[in-house]
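Construct the entire structure; sequences and hints are all you get.
Residue 155, in our numbering, is where the sequence shown stops; the numbers in between run on with no holes.
Simulated from the structure, these hints should not be mistaken for laboratory data.
A couple of the hints might just be wrong.
[Unchecked claim] Mimicking BS3-like on lysine-lysine, the simulated pairs with C-alpha atoms at most 25 angstroms apart in a straight line are: (1) Lys24 <-> Lys110; (2) Lys24 <-> Lys59; (3) Lys110 <-> Lys59.
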Amino acid sequence: MTVELFWPAQGGIEPLSNQATFEKRGSHLCAVFQHSQTQRLRFIGQLPTSFAGQPLSAKIYFASADTSGNVYWSAATERINDNGIDIDADDFSTAILSAVAVPGTSGFVKYASITLSSNQVEAGELFRMEIAREGTNILDTSTGKAYVLGVGLIE
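Structure follows, in C-alpha cells:
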C-alpha cells in the first residue's frame, strides 16, 4: 500500500529562525519563501503503520512570482521515536537538494519532488519534515518569491 501524507501550508510550523512567512496569493494562504534568503518551514506527522519501508519523496506544491529561473529546494526528516530524541534540539537528517524550474507563468503551480536518501523514520512513528528554499545558493536563480501551497510525503 502506498503511503501518502499531505499538509497545507498553514499546517507548517515556523522554526525559531529563518522561517518562511505567510501571505495570501489570490484567496490561497501560502508559505512565502524569499529569493535571496534560506528560509524553512516544518511539518509534523505520524508515518502510517502500513508504511512498507520504500523510499520516501517530499513533494512541494509551489507557485512563483517569477517566470524564469530555478528555485533550489531542500527537504529533510527527523525521527521522533520512543525514548530516542531530545526535543530540546533538532536532529534532522542530511538535507537533500533539488533545483526546480519555476512555472513559465506567474501564479501557476509546479510540483517539486525530492527523493529522501534514507528512511530514518519507521512505520507508526512520529516525525518532522523540514523544507527550505536555499535562496542564497548560486543554483537558486529565480528572483521572485516562491509561494508554497502545501507539502506531501509519498512512498
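Outcome of the hint check:
{"no.": "1", "hint": "Lys24 <-> Lys110", "verdict": "holds (17 angstroms)"}
{"no.": "2", "hint": "Lys24 <-> Lys59", "verdict": "holds (21 angstroms)"}
{"no.": "3", "hint": "Lys110 <-> Lys59", "verdict": "holds (10 angstroms)"}
Every hint from the earlier list agrees with this structure, and none is contradicted.
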